[in-house]
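When you get a sec, could you build the whole thing from the sequences and use the hints?
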Amino acid sequence: MKKTIIVFSGDLDRVMAAFIIANGAAAMGDEVTMFFTFWGLNTLRRPEKVKVKKSFLQALFGWMMPRGANKLGISKMNFGGLGAKMMKIVMRQQNVTPLPKLIESAREQGIRMIACTMSMDVMGIRKEELIDGLEFAGVATYLAEADEANVNLFI
Amino acid sequence: MKKTIIVFSGDLDRVMAAFIIANGAAAMGDEVTMFFTFWGLNTLRRPEKVKVKKSFLQALFGWMMPRGANKLGISKMNFGGLGAKMMKIVMRQQNVTPLPKLIESAREQGIRMIACTMSMDVMGIRKEELIDGLEFAGVATYLAEADEANVNLFI
Amino acid sequence: MKKTIIVFSGDLDRVMAAFIIANGAAAMGDEVTMFFTFWGLNTLRRPEKVKVKKSFLQALFGWMMPRGANKLGISKMNFGGLGAKMMKIVMRQQNVTPLPKLIESAREQGIRMIACTMSMDVMGIRKEELIDGLEFAGVATYLAEADEANVNLFI
Numbered sequence: 021m022k023k024t025i026i027v028f029s030g031d032l033d034r035v036m037a038a039f040i041i042a043n044g045a046a047a048m049g050d051e052v053t054m055f056f057t058f059w060g061l062n063t064l065r066r067p068e069k070v071k072v073k074k075s076f077l078q079a080l081f082g083w084m085m086p087r088g089a090n091k092l093g094i095s096k097m098n099f100g101g102l103g104a105k106m107m108k109i110v111m112r113q114q115n116v117t118p119l120p121k122l123i124e125s126a127r128e129q130g131i132r133m134i135a136c137t138m139s140m141d142v143m144g145i146r147k148e149e150l151i152d153g154l155e156f157a158g159v160a161t162y163l164a165e166a167d168e169a170n171v172n173l174f175i
Numbered sequence: 021m022k023k024t025i026i027v028f029s030g031d032l033d034r035v036m037a038a039f040i041i042a043n044g045a046a047a048m049g050d051e052v053t054m055f056f057t058f059w060g061l062n063t064l065r066r067p068e069k070v071k072v073k074k075s076f077l078q079a080l081f082g083w084m085m086p087r088g089a090n091k092l093g094i095s096k097m098n099f100g101g102l103g104a105k106m107m108k109i110v111m112r113q114q115n116v117t118p119l120p121k122l123i124e125s126a127r128e129q130g131i132r133m134i135a136c137t138m139s140m141d142v143m144g145i146r147k148e149e150l151i152d153g154l155e156f157a158g159v160a161t162y163l164a165e166a167d168e169a170n171v172n173l174f175i
Numbered sequence: 021m022k023k024t025i026i027v028f029s030g031d032l033d034r035v036m037a038a039f040i041i042a043n044g045a046a047a048m049g050d051e052v053t054m055f056f057t058f059w060g061l062n063t064l065r066r067p068e069k070v071k072v073k074k075s076f077l078q079a080l081f082g083w084m085m086p087r088g089a090n091k092l093g094i095s096k097m098n099f100g101g102l103g104a105k106m107m108k109i110v111m112r113q114q115n116v117t118p119l120p121k122l123i124e125s126a127r128e129q130g131i132r133m134i135a136c137t138m139s140m141d142v143m144g145i146r147k148e149e150l151i152d153g154l155e156f157a158g159v160a161t162y163l164a165e166a167d168e169a170n171v172n173l174f175i
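Chains as they are written, first to last, in the numbering used here: chain H, 21 to 175; chain A, 21 to 175; chain R, 21 to 175.
One or more of the hints may lead you astray.
Where chains are identical, the list cannot tell them apart; a pair therefore holds if satisfied intra-copy or between any two copies.
[As the list claims (entries may be wrong)] In silico DSSO-like links for lysine-lysine, alpha-carbon gap of 27 Å or less: (1) K121 - K22; (2) K108 - K71; (3) K121 - K73; (4) K73 - K108; (5) K108 - K22; (6) K74 - K108; (7) K69 - K91.
FYI, nobody ran anything at the bench for these hints, they're computed from the structure.
In structure tokens, the structure reads:
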């Protein structure tokens, strides 16, 4: 059965939960669609700076938000990134797959990753700034997917 | 098919996501029920001060929490309201419907908006302090709605 | 019909919402499975210190995170625990069942409470540190439960 996950949050811990559920479901034979919106889009940003045209406020948002999966903070006890670093060290010690590998694995398993175009406009994030292999769509596409799914999560 | 959304969060970005999904679903012919609880209730507060009896702590909560859709902060980078202001400016530039209009549109489309009575007691929010057109109910009503729905989100 | 709730958050307000929904559903005759992961695990910690072996970072996380349902903070306006205390006072005044009683009631109603073993490894939380009556499992167990349920929430 199909599963959908809205990835609204851009916190490392929540995004990892989303990908662990998505990859688990795909491994069990489910079709999975992940819909990235608002802060969740930061997960999909390329690490390098890409030259694109933005308004002043969009540029400011873009500059303040983390650029990609490796830069996300955690939702609690982040302490300016220290908490995220500590958590990543513990995860490595415990052989937990790191987020960039989880994203790669999602792609390999054919999980659909959709970036919300309306959020991209608000955040001032352009297609060129995002990683490869994404689709671009809006809420109607999400709803059509959710209608066919038996598990729909908002993370 | 019916959809339900629990609006637990009172952050502008999350509440907007809730209303964009709700309005989108209603536009596609779905019945939608939104259930406002805890901080989500702040979305429904009237902007003006309403004279009602409260305990000291309830009055304190009421005074500290944002009064209505126009006063909500964003969940990240709010900086005492500056972030929310910036985001609203960008949204206007991008022709994104502002939250008060989304709420109006939800009402026009017949979306049921239910305020959680138990949360109202805890937050010390009285019916007179909330906007018109709401229903008042508890968890049993939510569960009955969710049982008839095919998409149930907690935001 | 079955319901599942992922309790990812460890905030008092969100965890209470999870248990109020879970207990409500169980009272209406539903089977309910709660899956505790990441910060949500703190809800299930025993209040007393339990001697177990941890790495330095795991011990640090364990020391910084709240130990049990009585120690959780609230997600907004916590002010180092003061907000949680105030909210608990108001809840008592309003005859809202406190969290420890909600957990007890969940157990009595036969709600399955599953602690996510991967999160336990990351957080460095051992079985001996958690309250009685739990099951221990991973994402595959969650997905199997969710497939049989008609309402699946991520809190």
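Hint-by-hint comparison with the structure:
{"no.": "1", "hint": "K121 - K22", "in the structure": "within (23 Å within a copy, 33 Å between copies)"}
{"no.": "2", "hint": "K108 - K71", "in the structure": "between (30 Å within a copy, 25 Å between copies)"}
{"no.": "3", "hint": "K121 - K73", "in the structure": "neither (31 Å within a copy, 29 Å between copies)"}
{"no.": "4", "hint": "K73 - K108", "in the structure": "between (34 Å within a copy, 20 Å between copies)"}
{"no.": "5", "hint": "K108 - K22", "in the structure": "neither (30 Å within a copy, 35 Å between copies)"}
{"no.": "6", "hint": "K74 - K108", "in the structure": "between (33 Å within a copy, 16 Å between copies)"}
{"no.": "7", "hint": "K69 - K91", "in the structure": "within (13 Å within a copy, 34 Å between copies)"}
Hint check: violations occur at hints 3 and 5; the rest are consistent with the structure.
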